[in-house]
Amino acid sequence: MIDYRSTEEKFEYSPLMEKVYADFLKRKKNNRTREGVETGNEPDGKTPFFDVFIECRGEPYPIKLAKAIVRSWLVTEPTMHDGEVLVGFPRPTRPIHEHFHIGIVRERHILKDPAYIDRFDELNALMTEMRPEFHPAEVTVIEGEMEKRFGTKENPKAYEYTWSELWSLGGYQGHTVPNYDILMTQGIGGVHKRVLERLEGETEEKKIIMLNACRIILEGLRDWILLQAECADKKADKESDEKLKAQYRRAAENCRGIAFDAPANYYQAAQLTFFYNLWDANDCTGRTDQYLYPFFKEAIKEDKQFAEDVTASLMMKFYEHGVHNITVGGIIPETGEDAANDLTFLMLQILRRNHATHPRMSIRVNEKSDPRMLALAVQMWSEGMSDPTVASDSTIIPAFINNYGVEPKDAMNYSLLGCQELEIPGKSNFGCEDGVFNLAKVLEYTLNDGYSRFHPDVRLALPTGKITDYETFEELWEAYDKNIKFFTKHFCELCDIGQQVRAINYAKLVKTPFTEACIEKGLNLDDGGAVYNYGCVETAGASVVADSLTAIKKLVFEEKLISKETLDAALSANFEGYEKERQLLLNRSPKFGNDDPEVDEMAHRVLHSFWSECKKYKSIRGQEYSGACSLLSGGIYYGDHTWATPDGRKTGEPLGNSIGPRPGMDKNGVTAMLNSVGKLPLDLGVGGTTCNVTIPSNLLSTPELRQNIVDAFNTFLANGGQLAQITAANIDDLIDAKEHPENHPDLIIRIGGFSIKFVELAEDEQDEVISRYSA
Amino acid sequence: MQGTVFNIQRFSIHDGPGIRTNVFLKGCPLNCLWCHNPEGLSNKPQVKYSPLKCIGCGDCVKVCEPKGHQLRDGVHTLDFSKCIGCLECARICPAGAMESYGEAKSVEDIIAEVMRDAAYYKTSGGGLTLSGGEPLYQGEFAVEILKAAKEKGIHTAVETCGMVSEDVIRAAAEYVDLFLYDYKITGEEKHKEMTGASQKQILSNLSMLDSMGCEIILRCPIIPGINDDDNHYHGIADIANKYKNIKEINIMPYHTLGNSKREKLGMDIKYETHSMKMTEAEAVRDIIQQYTSTPVRVS
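Chains as they are written, first to last, in the working numbering: chain A, 1 to 775; chain B, 776 to 1074.
Derived by calculation from the structure, the hints in this document are not laboratory data.
Keep in mind it's a predicted model, so treat the numbers as computed, not measured.
Glycine residues also receive a C-beta, built at the ideal position from the N, C-alpha and C atoms.
Take the hints with a grain of salt, since some may be wrong.
These stretches of chain B come out as covered by chain A in the derived footprint (C-beta under 8 Å, 3 or more residues) [claimed, not checked]:
hint : stretch
1    : 865-879
2    : 891-897
Here are some, though not all, of the chain B residues that point toward chain A, as calculated from beta-carbon distances under 8 Å [as the list claims (entries may be wrong)]:
hint : residue
3    : R785
4    : F786
5    : G793
Okay, derived cross-link-like pairs now, BS3-like style, lysine-lysine, Cα gap no bigger than 27 Å in a straight line [said to hold, decoys possible]:
hint : chain 1 : residue 1 : chain 2 : residue 2
6    : B       : K897      : A       : K667
7    : B       : K819      : A       : K667
8    : B       : K857      : B       : K819
9    : B       : K837      : A       : K554
10   : A       : K667      : B       : K880
11   : B       : K828      : A       : K560
12   : B       : K823      : B       : K1036
13   : A       : K580      : B       : K1036
14   : B       : K1052     : A       : K738
15   : A       : K679      : A       : K667
Based on the provided sequences and hints, a complete structural model is requested.
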């Protein structure tokens, strides 16, 4: 490929990589895996993770955990596939679970694995023993606390109603972007040295233990990399083709070079990036086009073909292991200039060539961005892809600086992570995500004297009255706001308990040494070790609440088209027998997403009241909770558990998807929808707020039309928009794909933060996507 | 100043450069058999009835003085011949089954709505497109809208059939950056038969706009069985070759949506044929392109 920035030209693999890729696709087809990603199983009958806990019974929990993680990796037999340039396959299952979840004690389901079945009782007993000694760290701690707060004499388990309807909390995924800059400049050995130095003179036992656990991880990583080198050597020994033999030998040398030392060239840098990423459970890799570029720049001058092969190989490895989110573009913090470079475009071009759902990629756009970057994104959408997501520097950077006290240079370095969350890479633990909160349920309580309409037996919210008791709209608003304050307090305090549990579980031992300040503080990443420690609260139901409050204000209080009594009866009956009222609520009151000043202001008020309340609470990691709104299928889940609402929505229908309108409610075109979203207080939503946009594929069919889409998103991003992700699809294709999935195996759409094959969605999710498109 | 508008459509990207807002004015001097916007034909307010949306509440029956709406056994019927265009039923209908076409709107209201997307026009070089109906049929009103849009500094386009007085089109031209000018039929007699009017005024206005130096895109609806013939394709090319300011020819392939709208508006269907496939339209484009160097595109 001559010009990586061209939309006309397409990237082509070298013959060698073409074959490697074809082999990979064949393997991929035969594997049943998480998100279609291949994970290696532990060797049959072996239980390395458990074995360590038995062997090291007397040692502190974090030490046992670190050793167990290392053992799992070391006993996993490495494989090098034919023709590969980069090494690293497969990954063992157990450390990944440890990494993403609350700790090994929650993973009892693994005992059902046939490999463990004959040792079930023994291992089950061991799992109980494996809890950290100094705290009974189970999710039941949160549940116990909730029972105290929301249980009644008659129904001590009443808190379960909030759990299923109002929120989920304390069980986060744990995505963060480690500091790849440190990895590139210091290598594993450099960080290891800092850990040893830090240990000297440290007297606090807890910190000594934590630092030693990091040391064990780093040494284990080194030993494991040397095993990968051996694997490449063996491959070379067996190879008869001289060219390939040399290639494998070079790969082995490459691994040895970075087992402890910082990388000296692009090949080493890419391999080390991937090795560490594999240990990091293939979590997000942050601004990959930035920290690899100094190496790439030199490599491309020396041997363009090899530099491309290495990049292609890295992207293929990322695909194979389902890497979550790579951020490219943006600005260079030191100079403020456009950060997009040749590697930015090459990575996008390879993703385009693969037409793949992984790695997911995001581009950071600002007024200095090379216009060809967004043009390439639109080109990729027009070809049926949903990546990349677009993110606005001009909205996000000032929000970090002004509202969350982030240093300007760090704010300029932000990256996406998880599905669509935001953070300062290598320096933060944004608690992605601390919890999810359903605003529509709070409105349901407020209109029904504190009761969920599903559970008339227990009052969960404040006894503020029913809809029939409020004399004015402002009285209703005050009652709603009072409930928001009431539940936000409980929510943040309960999330804290969840975080305490995680901190005690030391579940971030691989990330910790590569997150700035953790070593210096001697604290685990989940224990407040990072520089920035904000919380992140995913928010559901904002558009439904805004639409509902506007409808009540307008049709009940102002125009008196519907009486309060009738509305109460209609809601109670889920509109059975009240179709006329439902139609009035649907059609006679404006809906969020149409650039209507009245309802958009209400949406602003709704989000501001909740997010500014969240900001009053600090997580135990040390900093405030921030708002976020990038729900996967959460809008469907919480919709299922939210009663009929005064916007005309029936019980069980989906809430809005992410920050956008309720499906099908935006009828005024893309620009009106984007304008509505741009008016929201997204500066309080630095957790990440995604606007899902579906574009009919016929609007992307010519270069002129595509330029209009480029212009539309540039305008959105420059005028208060934060994140947008796109599904370009033909409605007929979607409907047909639901009927005949066999004909549309490759139809990619966006839902929440995921690009996914449409045919893999559940039926109600497919319907939601179709209704979104039909608007 | 007020006029009759039947739709304002944002994020229109097929009617002029960049991202645009289309404002549809009511009333048209022609009566083309295939008209795709029949709600724009009459200059009087009208209602559209979508039976699938009706919930049979009967509210429309109560407000309809001429008794056009009836409800029998929960089933609603509408006799369009009794409609006086008061729009009361559309105002009262909770379900959106009755919709009104033809609201009185002021120039200020229209411009305020159009300027909501000002930021997008600035990035994309877009703006306002007046359409219809025939937008210049409400001549003075149309000119006022265009003038106000130019004062806001946005790009303006007018989609016109050309069947208006010379004075009006000359006055409009002062505030118009681009004319999307229809050329429907080749031959005076056939034109009369298919559109209900002579072609003379249309052709002389086109000649005038060209001599004034106005930028023009020639828009040619292709209707199977009416004008999908070589004589017309030559006619299109001849026009484009004759006028130097026609920078492009757009082929507008016929679709049947106009007829389904006619049903909902209580209007008789005058001509039926199939929707043109994209491949058919592209074939027409290629034929015309042989006769002229002006670029021909399917729109």
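Quick one, are A:K679 and A:K667 close enough, alpha carbons at most 27 Å? Within the cut-off at roughly 18 Å; holds.
Given hint A:K560 paired with B:K828 - CA-CA distance at most 27 Å: Measuring from Cα to Cα gives roughly 24 Å; hence the hint holds.
Restraint status (C-alpha distance of B:K897 to A:K667 at most 27 Å): Distance ~23 Å between B:K897 and A:K667 Cα, so the pair holds.
Per-stretch coverage check for the stretch 891-897 of chain B, three Cβ contacts closer than 8 Å to chain A: That given contact holds, which follows from 5 residues of the stretch 891-897 of chain B lying within Cβ reach (below 8 Å) of chain A.
Count the residues of the stretch 865-879 of chain B with a beta-carbon closer than 8 Å to any beta-carbon of chain A: does the count reach three? With 3 residues closer than 8 Å to chain A, the stretch 865-879 of chain B meets the three-residue bar; holds.
If you take the shortest Cβ to Cβ gap from B:R785 to chain A, is it below 8 Å? holds, 4 Å
Given pair status - B:K819, B:K857, alpha carbons within 27 Å: holds, 14 Å
Given the hinted pair B:K823 and B:K1036, is their Cα-Cα distance within 27 Å? Status holds; Cα separation ~8 Å.
Hinted pair, alpha-carbon criterion (27 Å max): B:K837, A:K554. Please report holds or violated. holds, 23 Å
Can you verify the interface hint for B:F786: is its Cβ closer than 8 Å to any Cβ in chain A? holds, 3 Å
For a C-alpha distance cap of 27 Å, please report whether A:K667 and B:K880 respect it. Given that 27 Å is the threshold and the Cα spacing comes to 20 Å, the pair holds.
The hint names B:G793 as touching chain A; please verify it with the least Cβ-Cβ distance against 8 Å. holds, 6 Å
The structure agrees with every numbered hint stated previously.
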